[in-house]
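What follows is each chain in one-letter form.
Number of protein chains: 2
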Amino acid sequence: MVVELINTGSELMLGRVLNTHQQWLCGRLADLGYVVTRQVAVADAAQDIETAVREALGRADLVITTGGLGPTSDDLTGDLIARLVGRKLHEDAGVLAHIKKFFESRNRPMPERTRVQAMVPEGALVLANPHGTAPGLAMEVRPNPFRSEGRASWLILLPGPPRELRPLFSETVAPLLKRVLPLADEFVCRTLRTMGIGESVVQERIGGQLAPLVKAGLDLGYCARPGQVDVRLAARGIGVENLVQEAERIVRAQLGSRIFGVEDEELEEVIIRLLTERKETLALAESCTGGCITNLLTNVPGASAVLLAGLVTYSNEAKQKFLGVRAETLAGHGAVSEAAARQMAEGARGRMEANYALSVTGIAGPSGGTPSKPVGTVFIGLAGPFATRVEHNFNPYDRETFKQVTAQQALDLLRKALVQG
Amino acid sequence: MVVELINTGSELMLGRVLNTHQQWLCGRLADLGYVVTRQVAVADAAQDIETAVREALGRADLVITTGGLGPTSDDLTGDLIARLVGRKLHEDAGVLAHIKKFFESRNRPMPERTRVQAMVPEGALVLANPHGTAPGLAMEVRPNPFRSEGRASWLILLPGPPRELRPLFSETVAPLLKRVLPLADEFVCRTLRTMGIGESVVQERIGGQLAPLVKAGLDLGYCARPGQVDVRLAARGIGVENLVQEAERIVRAQLGSRIFGVEDEELEEVIIRLLTERKETLALAESCTGGCITNLLTNVPGASAVLLAGLVTYSNEAKQKFLGVRAETLAGHGAVSEAAARQMAEGARGRMEANYALSVTGIAGPSGGTPSKPVGTVFIGLAGPFATRVEHNFNPYDRETFKQVTAQQALDLLRKALVQG
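Chains A and B supply the protein sequences, listed in that same order.
All residue numbers for the first sequence refer to the working numbering, where the first residue is 1 and numbers rise by one.
All residue numbers for the second sequence refer to the working numbering, where the first residue is 1 and numbers rise by one.
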């Protein structure tokens, strides 16, 4: 099964937006066993889109495009593709009614130009878009003039806005694919996610032992991010479930508690899950991470049941007023110190009557460093039903990376305490 | 100038990571006038990488690849490309010394396999990577066997980790490009960013008036995100500066204070800039946005000078204890109410002695909605040296989009107060 993804949008080529479709669609498709083999992005330029679609139709069983279905003059995809595969466009009464209703229900007048979104290539399936005006479209190109022996390809056009594309894909495209393009082979993919260990070390620990399985068809991959390394174990064929399970057993034996989660699971989800299971609560006292930890945790549905408060105490006054950090500590050791981190964590835990409290104080940069406390210096405190722990780390990265890495380290400090006591 | 970008990594094709390189590199290259015409991502598979590089060399003056230069077995790019363009690899003494020093300075043993990163194709320029072990590589493919008449192409290989790639690009690749691939034409690009107005409405207001400029060569584009629409005005050629300036004048006249910033400027940067200029301070009281606003603001260097504290008061107790929200208010109106938003903002402003305070309380979902207050309901309060304002919005999106859109609305409420009084 050859699957290609085409993202259109001049804003992509000019770096105006992040291409979140690539990750989201590739991830969902891989889960379903349709691994994308090539992803291409081109500008909203007729020639570039046409070339990309023609090339993809020449190679792939499934081609998915995103974007270019909107109402504005740079939305070209629908028109272009209809012409490319030789289909006439007609106004679809159902789509037009949906567009009218969409604006009515929002008490907004329907801009005349949105009417163009009701134009559908003949023979195309309309994929309803409850969250927007442009529907998705699906069509089987058969015979396919761009492929040897005219082999058929499925072509699926999706709207650009993520909040429209995502439910449309999950609710409509996924079931359609299983029906019209069933997979020949079993596909199994397992990802184990680790914290606090480098990519080279991960490979040295598991590479040798996994070598025989790789010979037997295991696809072994590593993905390193600041502070994290994912180990991906995949295989395709009959009975590959056992191969991947054996590989997982080896990786778990070697990496143990460095593994914090599987698949897409994020550290913040693990924390919320563990706290929810234990019916325990958490308070946060952040300084240099500036709300990054609180923001990550509150992305997880259900966080409100276990997270009592996150106090981002940027100023010394706020550290004193809301957390009870002592003036002498700030004067004697500074706000970036082991003592301050300890008092922040204990203050947050005590005042919120939480089971645990995490604190972070450090120097995110780019300015504010000193010879004894350079940019990247950070103290992470954890207060709980045990002696307060303080970790002293050095994360000499740019400001945003510093915040993210430090947030992950703080969450991992709590995770280890929760799973190991 | 034809410029193509190739991102390699199986993790990209499986949706394990977000391709941030595409946005970052496309943005930086566009700023320099080297607009990327096509971006491709393929897995860490020899055949796929080779095909992508060969095709790009067949079309482009400049081909940039990312990833595949690491020390692990799925890092294939360096080897493959050397073979493709017929260059032998040799161990570079300078790079090897850098790798040894890199590990020494971190008090870590050098894993033997990192030595492979010192292998450099003959004739290639080594682009020093101070933040990692794998250097970037640049080479002129001349004659280029994949291009008609053997026209030369520049091929630049960059390491995958963003914190290595970004400084390497800015410090080394950007100056190199200006030297080896100078631009023939002037290129001007201006982006105006708007809040709180739909894409269709933006186009209806400015499309007609800009039509003559589009005929004269203006490239007009729109980029819509939840709550925001960017208007991009670009042109290439001699004297295009005037064309783009005239277009900007028209857009500003039509959209006025809906325009919050230009180019890459984010709303949070505008807020920090305005507060810094006015020497005024801000406190935040967040509930349903869960630290998203505080986290955005603290991404901006210098935020600590104007942001006093961000209190994420998820629980009712925290709203009472840290912000002084009255128990009767919570009992009578609920935590999601105009009265609660008002007291949160006024409480944060008073307790922190800030010039302004923003508050947010609402229902992010997916659960917690009621018929009278469905998921998406939100109250945004702004306290300042004027009567407290409360905005009642409805943002019926998924949890993360809800947080982001609401955060933008809150920041824009403050922005309008700062610029209009």
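These are calculated hints, taken from the structure and not from any lab test.
All values derive from a computational prediction rather than experimental measurement.
Check before you lean on any hint, since a few could be wrong.
Derived contacts from chain A toward chain B, CB cut-off under 10 Å, selection only [what the hints assert, rightly or not]: (1) L29; (2) A41; (3) A43; (4) A46; (5) L84; (6) G86; (7) G237; (8) I293; (9) T294; (10) N299.
Even for Gly, the Cβ is constructed at its ideal location relative to N, Cα and C.
A quick look at each hint next to the structure:
This hint holds: L29/A has a C-beta 8 Å from the nearest C-beta of chain B, less than the 10 Å allowed. The criterion of a C-beta within 10 Å of any C-beta in chain B is met by A41/A, whose closest approach is roughly 4 Å, and the hint holds. Here the hint on A43/A is kept, as its CB sits about 7 Å from the closest CB of chain B, short of 10 Å. Proximity of A46/A to chain B is violated relative to the hint, the smallest CB-CB distance being about 13 Å (cut-off 10 Å).
A hinted interface residue such as L84/A counts as satisfied when its beta carbon comes closer than 10 Å to some beta carbon of chain B; here the least separation is about 18 Å, so the hint is violated. The interface hint given for G86/A is violated, since its Cβ lies 25 Å from the closest Cβ of chain B, which is over the 10 Å cut-off. A least Cβ separation of about 17 Å between G237/A and chain B goes past the 10 Å threshold, and the interface hint is therefore violated. A hinted interface residue such as I293/A counts as satisfied when its beta carbon comes closer than 10 Å to some beta carbon of chain B; here the least separation is about 8 Å, so the hint holds.
With 10 Å as the threshold, the beta carbon of T294/A comes within range of chain B, its nearest partner Cβ sitting at about 3 Å, so the hint holds. The criterion of a C-beta within 10 Å of any C-beta in chain B is met by N299/A, whose closest approach is roughly 6 Å, and the hint holds.
Taken one by one, the earlier hints fail for this structure at numbers 4, 5, 6 and 7, listed in ascending order.
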